[in-house]
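Between the sequences and the hints, there should be enough to build the whole structure, so can you do that?
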Amino acid sequence: MNTDPVVTHPQLQLITLDVNGEQHEVVTEPRRTLVDVLRHDLRLTGTHVGCEHGICGACTVLVDERPVRACLMFAAQAEGARIRTVESLSDDGGGGGGGAGGGELNDLQRAFSEHHALQCGFCTPGFLMLAEGFLAERPEATKEEIREVVASNLCRCTGYQTIVEAIDACATARRGACANPCDSSAGKEH
Amino acid sequence: MTELPMRERELLVGRSVARREDPRLLSGRGRFVDDIALPGMLHAQFVRSTVAHAELASVDVSAVREVPGVVAVFTAEDLELGDIVAQLGRPLSEFVPTAMPVLARDKVRYVGEPIAIVVARDAYAAEDGLEAAKVSYATLPPVVSEEAALADGAPLVHAEAAHNTLVDVSLFATDGIDQVFESAPCVVAVDATTGRQNALPLETRGAVAHWDDREEQLVLHTCTQIPHQVRTVTSRSLRLDERAVRVVVPDMGGGFGQKCVVGREEIAAAAAALRLRRPVKWIEDRKDALSASFLAREQHYRARAAFDAEGRILALDTDVVCDMGAYSCYPFSAGIEPLMASAEMPGVYKLPAYRVRGRAVTTNKAPTAPYRGVSRPQYVMVMERLFERAARELALDPVEIRRRNVITDFPYTGVNNITYDPGSYLESLNLCELLVREEGWYEKQAAAAAEGRHLGIGYSCFSERTGYGSAAFAQRKMKVVPGFDISEVRMDTSGAVSFTTGTMNHGQSHETTMAQIVADELGLDIAKVRLHQGDTDRITYGFGTFASRSITIGGSAVRLAAAKLGEKLCAIAAARWGITPDEVELGEGAARRRAAPDTPDIPNAPDLLTYEEIADIAYLQAHLLPKDIEPGLSATATFDVFNDGTFSNATHACVVELHAGTGQVEILRYVCVEDCGVAINPQVVEGQCRGGIAQGIAGALFEQVTYDAQGEPSATGFMDYKVPTAHEIPDVLIHHLETPCAFTETGAKGAGEGGTIGAPAAVLNAVNDALRPTGVELDHTPITPETVHRALNSTRNSALNRELSS
Ligand code: FES
Ligand code: FES
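First to last, the sequence lines map onto chains U and R.
Oh and the first sequence: position 108 is 108 in our numbering, straight run, nothing missing.
Plus 190 on top of the position in the second sequence (first one is 1) and you've got our numbering.
Each hint should be verified, as a subset may be incorrect.
[What the hints assert, rightly or not] No more than 30 Å apart at the CA atoms, straight line, and that leaves these computed lysine-lysine pairs for DSSO-like:
#1 R/K634 - R/K540
#2 R/K912 - U/K143
#3 R/K669 - R/K634
#4 R/K477 - R/K297
#5 U/K143 - R/K297
#6 R/K669 - R/K297
Simulated from the structure, these hints should not be mistaken for lab results.
What follows is the structure in structure tokens.
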């Protein structure tokens, strides 16, 4: 028995979101943020919330391939855009990632693991999406440029060095793969 | 009998094995507390005090119930919960216990104190509900600083605590210390303060509670470092048997001490779930996390040290006052900071005479919790300042004066009655200086000076007690004496192993490092080994993760339990073969006969039994077991450290440049030589070091929660609380030394806190080194650009003045 008061919000609206290549219909209040819809309505909980005011970057997702703070955007504003979350990175595209039942990690995720670029892992999806978007736009990024971009998100555990190194290593490997298309370590996303 | 060579085993301990937690965390499949969603779940938010100190005149929440989406609202009166009371076993003259109600009852004592819990269909509606609450306050004068708290006639935060003093201990006072000061050739003093900080895990606190009818249990999912202690307090507060509460901790986005105390909100959320018989979720928002959750580190040291003419320290006299905020945290109490400082301040130095007074005062600020390093970042900073100042007075090299004073003969029993186990204090100092020299920083400093730039080099030497067993905490007279740890290792019929720990990972890689230990001990593929943690129903008991106790104590229990299981595997195999267990060896997932040439062949028996085959016997063919072997394959072990603990050590060096125009401190280089005994996984140790150093730098240069005269905190968002980013945190060169520990099962000492402990002192010394030409010395952290700017400009002015007057 559900005794909750019925919310008769005059402005409930039906929106359609394109997330990780799938269409989702959501009934939502206009004030509901994109990160809350992703996490709580669509149950894509990989994207995290660290501050809700646009500073920490834990909520970073790609909107039309550009990194965006999902806590600063209303879900309704994302209609018609292509949204990508951390769940799209591993190769099964649906929240896999090694271990039983998961897909293969992509090259960026593997670089994070190899460089110990995560500890508690809470900030990690945000950094991954930030890097994914940035490297797509600037595959030739230098380490200094990478550090510059990494500085837009907060991590409380790693001291950042290994995050910078992981992204740099991934970028270098992707460039190597482009120079030599037969290289099997090629990233899939460029 | 000829010895056959032991099978060479590739050991995992000591190698940077890839983290087993990574695939799920990297693919968004981690499960943090806010990821939990239960059918019919409601969302809670708290009505919080907007004033720092007041009698609660009235709390009217009737309008809250009318807000669309709100399901219920409860005040302290509605819930009648037991208070949270932290205790020390000390006389009233030394410790005054105070009660922290789950929801404020008659009085509020800090801005942000929870007064009522609003439960609604979603978090948005709960927040709407907050606005409809009407609280009227009869305000009282707030006490917002340590000086104000101790002033004569100061308003009392707790009526029972005279002079607002919760802890007042004088642990040591060497006879004749005053005469030493009188006759010493060199006496230096510092008056040092450190800012109030937030440990700031990136994941805020939170909980999801529901009542499980079938198990007759309240299930509380919460992000805590101490699941069993949360269970104890929750069950007492709700007046339930302890077995009727199950605390489950999912993945945790950091804790750093802020989550190693029992909070009020999770208990209130649990009480609401119990009342409503509906799941209730509470996730702290960042504003509350910054201003109203547990803070730390605000301390004031007045310290003097006496030295002989050669720079050897003769005596240390310290008075430390810690501003603990409004309440004593459970289980550590307000004693956590002053007792840590008092007991351990001499640090790595041979100190003949010591006097210390440690006090905890209560103020109208958010309460404090332990934070990574607890007091050690501060007292190390003070010690290192004293040495720097003495070096200046005696015209000695700052590294040389340390070299003359560090403990070199182990075990060493200090004037503080602590026996230090062997470490590499001198070696780490020498090596660290060498690394700095080899990179040419002294030349660069000289060159910079010639150009009128301000480069400084600073060091810090420290040890950190890590293996706090029961004995060490009992000395502190804690009523809850954390110390031992229990582990159970279990093998199933497929030969796979699950094991438990009473510690609680929140970023330290326990799933990997502890599995390395078990896999080595049993000679089993690490993929076959799985750790379970953070579930009070699954784990007999535990004290969680803090004080770098996880690998030292938890990891030792894990190893002992695995060894016991190994013995049972040997015993079963030996019984099958009709030989003695010591003729069996384990490795590569199987037991083998260590067949010596004169051992007669055992008919019809293979000389290898896989773990699967042994498990098959233990569970499914138990009739084959001899009478003295019980069916099943599990083993439990406990571990404790019974001496004064284990001591990791390190030397840090920091090179800074001060920018005259902006007063900004730029870190050009950071070098760390650390020794945590055997490093189970060097990459993990380095990660702990780097992360710790980043937090130490944060404390040295950036982070501080200040309060205005009304007790309003400055930090309500990341705009006001400056957390350093990749811009401000430099790359760190780490060099490992290894002095294995004799008191732990793995030879490991703890590694979690060292970075944070060493960094503030190294940074502050470097800044002071760069300021040397100005004659200004800074003894406060965080060092703001404004102070640096002012100090640098004072040079210019005085240089100008000198020029003009000559
Ligand atoms: S949660 Fe969006 S930036 Fe912090
Ligand atoms: S890994 Fe914990 S916050 Fe970045």
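Query raised in the report: Is R/K669 close enough to R/K297, meaning Cα to Cα at most 30 Å?
Result: Distance ~27 Å between R/K669 and R/K297 Cα, so the pair holds.
**Report entry** Holds or violated: R/K634 to R/K540, with C-alpha atoms at most 30 Å apart
**Finding:** Answer violated: R/K634 to R/K540 is near 33 Å, above 30 Å.
Query raised in the report: Holds or violated: R/K477 with R/K297, Cα cutoff 30 Å?
Result: Within the cut-off at roughly 22 Å; holds.
Report task. Measure nothing beyond the straight line between the CA atoms of U/K143 and R/K297; if it is 30 Å or shorter, mark the hint as holding. Result -> 54 Å, violated
Query - Pairwise hint evaluation, R/K634 against R/K669, where the allowed Cα distance is 30 Å at most - result: 53 Å, violated
Report task. Mind checking the alpha carbons of R/K912 and U/K143 for me, to see if they're no more than 30 Å apart? Result -> Holds, because 24 Å separates the two Cα atoms, which is no more than 30 Å.
When held up to the earlier numbered hints, the structure conflicts with 1, 3, 5 and fits the remainder.
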